[in-house]
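Chains as they are written, first to last, in our numbering: chain F, 1 to 148; chain X, 1 to 122.
Treat the hints loosely; a few may be bogus.
[What the hints assert, rightly or not] Okay, derived cross-link-like pairs now, DSS-like style, lysine-lysine, Cα gap no bigger than 27 Å in a straight line:
hint	chain 1	residue 1	chain 2	residue 2
1	X	K56	F	K122
2	F	K111	F	K122
3	F	K9	F	K22
4	X	K29	F	K17
These aren't lab readings, by the way, just hints derived from the structure by calculation.
The structure presented is a predicted model; accordingly, all values stated were derived computationally and were not measured.
Letter by letter, the chains look like this.
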Amino acid sequence: MEVFERDKKYNEYLQSKIPKTKPWPSLFHAFWIGGLICLVGECIKDVLMYFFPEMSATDAGIWESVILIAIASILTGFGLYDRLGAYAGAGSIIPITGFSNSITSPALEFKREGVIFGLCAKMFTIAGPVIVSGLVACVLCGIIYLIF
Amino acid sequence: MFDILMYLKVFLVGGFICMIGQILIITTKMTSARILVTFLLLGVFLEAIKVFEPLKEFAGSGVTVPIMGFGYSLAKGAIEGAETGGILGVLQGGLTATAAGITVAVVIAFIVSLFCSSKTKK
Chain F
1 MEVFERDKKY NEYLQSKIPK TKPWPSLFHA FWIGGLICLV GECIKDVLMY FFPEMSATDA
61 GIWESVILIA IASILTGFGL YDRLGAYAGA GSIIPITGFS NSITSPALEF KREGVIFGLC
121 AKMFTIAGPV IVSGLVACVL CGIIYLIF
Chain X
1 MFDILMYLKV FLVGGFICMI GQILIITTKM TSARILVTFL LLGVFLEAIK VFEPLKEFAG
61 SGVTVPIMGF GYSLAKGAIE GAETGGILGV LQGGLTATAA GITVAVVIAF IVSLFCSSKT
121 KK
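With the rest of the complex left out, here is chain X (with noise of 0.2 Å):
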């Protein structure tokens, strides 16, 4: 259950991801939203051609936190969308799967930007 060789293989893999999205801003000094662009529709392609499947057994979260995680899980419900329900199932699919990560980014947003204030960036 808690296997330390795992949780190894999680740490270097999600590290490496995000090293190579600080090589990405270092040298084309991509903004933050392009990088998590970039890095969603990398997630949505590798489900695409069934190489995502393989990474998650082999490095769980370090695969999946990133957010080619999300960009999978989009993928991995339209797919599966496409043969259960038709053009349907494809078009409720990628949503049903992520909904929700977004509704909880969206609703502890609003949350917290009720009860905070900004801080002055220094």
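Same shape as in the complex, but just chain F (with noise of 0.2 Å):
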């Protein structure tokens, strides 16, 4: 019984403290980040293929992800791109940025516990079942294509 309250108790404080997202301003703060982040997108693949009328649009659209990515990445090195992660949720974690967030955030994090096994093994916790969970899928699709 004793228990039972202190959970409760536990619990109770647990929720007073957990920071609240009011549902309604934090889908307009995804929205707008993460349509931004799109257009940025947009803008790199454009001004590349101004500058470089010979590229092909593929060759455009691999460079805008790297460049996107590779920025992404050093604004997590400076920690910026958490704080736009607190005020954007889902805005900053579903373009391709925040996929590159999550392999920087974690080495960042684990770089305490050797460059072997924190930062090179921590590196792949979030982007790790990404790229498994795609792999198998696509090579499913691929054997589906092969077959029909």
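Put the complex together from the two separate chains, hints included.
What follows is the structure in structure tokens.
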């Protein structure tokens, strides 16, 4: 009984400490930051294709994601991307910059546990599931195309 | 080339996708890894049923910058591989199409985390 009381008190305390995100404003924040990141990507692609007219659209698309990934990683290093994440929620997670952040962030966090088992291993705590599920799905998809 | 209407579509579609993600976070309390995986698989699925290509024609970076675009590239690579190189093509295709992105993400993350240290979260 006492344990139950204590747990209840603890959970109440916990609930009061968890930062509350108001649903409606957070939707708007996610919308405009997410849209803005996509817009920046489109601008990078257009500028690249303007300065390098011989570049194919596919290559420009690859450069676009490479540049976005690099920018997000460096911003994470300076601690700026996490502030953006606190404001925008999914708006900063879903664009490819969020994928980059999810690799750099644990790498920074676990650097103190050493380079091999800290930095290099923990780098994939979030990116690992993403890459694994993506590869499994795309191989399945390719095999289905091969059969039909 | 620099087309205002296209930019508007990119902004609106990209924002809309992120808003769906935010709705998922609020209603189901999913963690960011689950959100990323869900949208990635959605991208693979949309490409597999040939819906992604017209979406990309319509909104450009609005659908390729969200992680769905990563799934799209994976699936597109695998499908192209299936058409040209059989089983081996399927196995190589996905990663070939996304190799630049993954490599840059890992290499830059390594360099950045060597030079910066973790900021305490407030």
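Status of the hints after comparison with the structure:
no.	hint	result
1	X:K56 x F:K122	violated, 34 Å
2	F:K111 x F:K122	holds, 9 Å
3	F:K9 x F:K22	holds, 24 Å
4	X:K29 x F:K17	holds, 17 Å
Going down the numbered hints, you'll see the structure goes against just number 1.
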